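Chemist: Using the hints, position chain B against chain A.
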Amino acid sequence: NAGVTQTPKFQVLKTGQSMTLQCAQDMNHEYMSWYRQDPGMGLRLIHYSVGAGITDQGEVPNGYNVSRSTTEDFPLRLLSAAPSQTSVYFCASSRSSGANVLTFGAGSRLTVL
Amino acid sequence: SQQGEEDPQALSIQEGENATMNCSYKTSINNLQWYRQNSGRGLVHLILIRSNEREKHSGRLRVTLDTSKKSSSLLITASRAADTASYFCATAQVYNNNDMRFGAGTRLTVKP
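Taken in order, these protein sequences are the chains called A and B. 1 is the number of the first residue of the first sequence in this note's numbering; add one for each residue after it. 1001 is the number of the first residue of the second sequence in this note's numbering; add one for each residue after it.
With the rest of the complex left out, here is chain B:
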């Protein structure tokens, strides 16, 4: 079964606005990662946050992790049309570090 569940399934915003995507998971994790997928392409890694971290930044990306609620959020600030893509959270399970589980993704559309 899937581990991560992203919310919302789809998000449409104007260029310059912020986009927030949420991810919930079920079991204990070693880390949580966010990936981006442009249409018809492979996934590209964005950011990794470890289970003992609460917040991480990378450029216009901000990720938070709340292990007590088993949830994470990805914030993209000052969005651009080029940010249009699907975004997936993925969790590395404590019980098996090699079993990386992905959610169904959030489809983000940024209108120019």
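Chain A on its own, in the form it takes in the complex:
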């Protein structure tokens, strides 16, 4: 049972480039979310989804897009990367809502030059 799989683990971008962070879960979880973790800031919620076709904004959504076409996948898109988006990104899922126990991926470290 793989749990939550994130790719890539590391990525370096130049300012203005676009990229997609992939997240997949095999637990048939309805709820999926993206967080960013910055030093001394804890985790901040970017976007979340409560099921296929349903997404909503979290605390820091600007500069990020998401979609949920299947239950398993929840990609995070950076359309025009900025140095302020340098961070570690975590995908998490849970059975039905954010209030349930979250299962986290291993993280994706993104550096924007």
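By construction, these hints were calculated from the structure, which means they are not laboratory data. Hints are all accurate, no fakes.
With a straight-line cut-off of 25 Å between C-alpha atoms, the simulated SDA-like cross-links for lysine to any residue are: (1) Lys9(A) / Asn1038(B); (2) Lys1056(B) / Thr103(A); (3) Lys9(A) / Ser1086(B); (4) Lys1026(B) / Gly40(A); (5) Lys1111(B) / Gly40(A).
Keep in mind that this is a model prediction, so the values were computed, not measured.
Modeler: Frame of chain A; chain B shown alone:
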């Protein structure tokens, strides 16, 4: 803005001692959870306490919740070097059950 605030930011103890970490939050919650993060890894769930519960145990972990003070504590008894990690509290908001807010964490170091 962040919901949970952990205290202390860093804690260093000897193996065998108890470690206590505190979390304060601002708004009404459905539940409060504690997570652990080893360096360079994802977060792992430790324990969940609901808003109508006051205390919960799991192995060497004891969590208390005081909703009148909007605070929680995590006690790790008889600590081991393997407990070295960062610990985060997270709160599920009453106004939006899907908005899970994390604090900045407590960095625990247990010296052998």
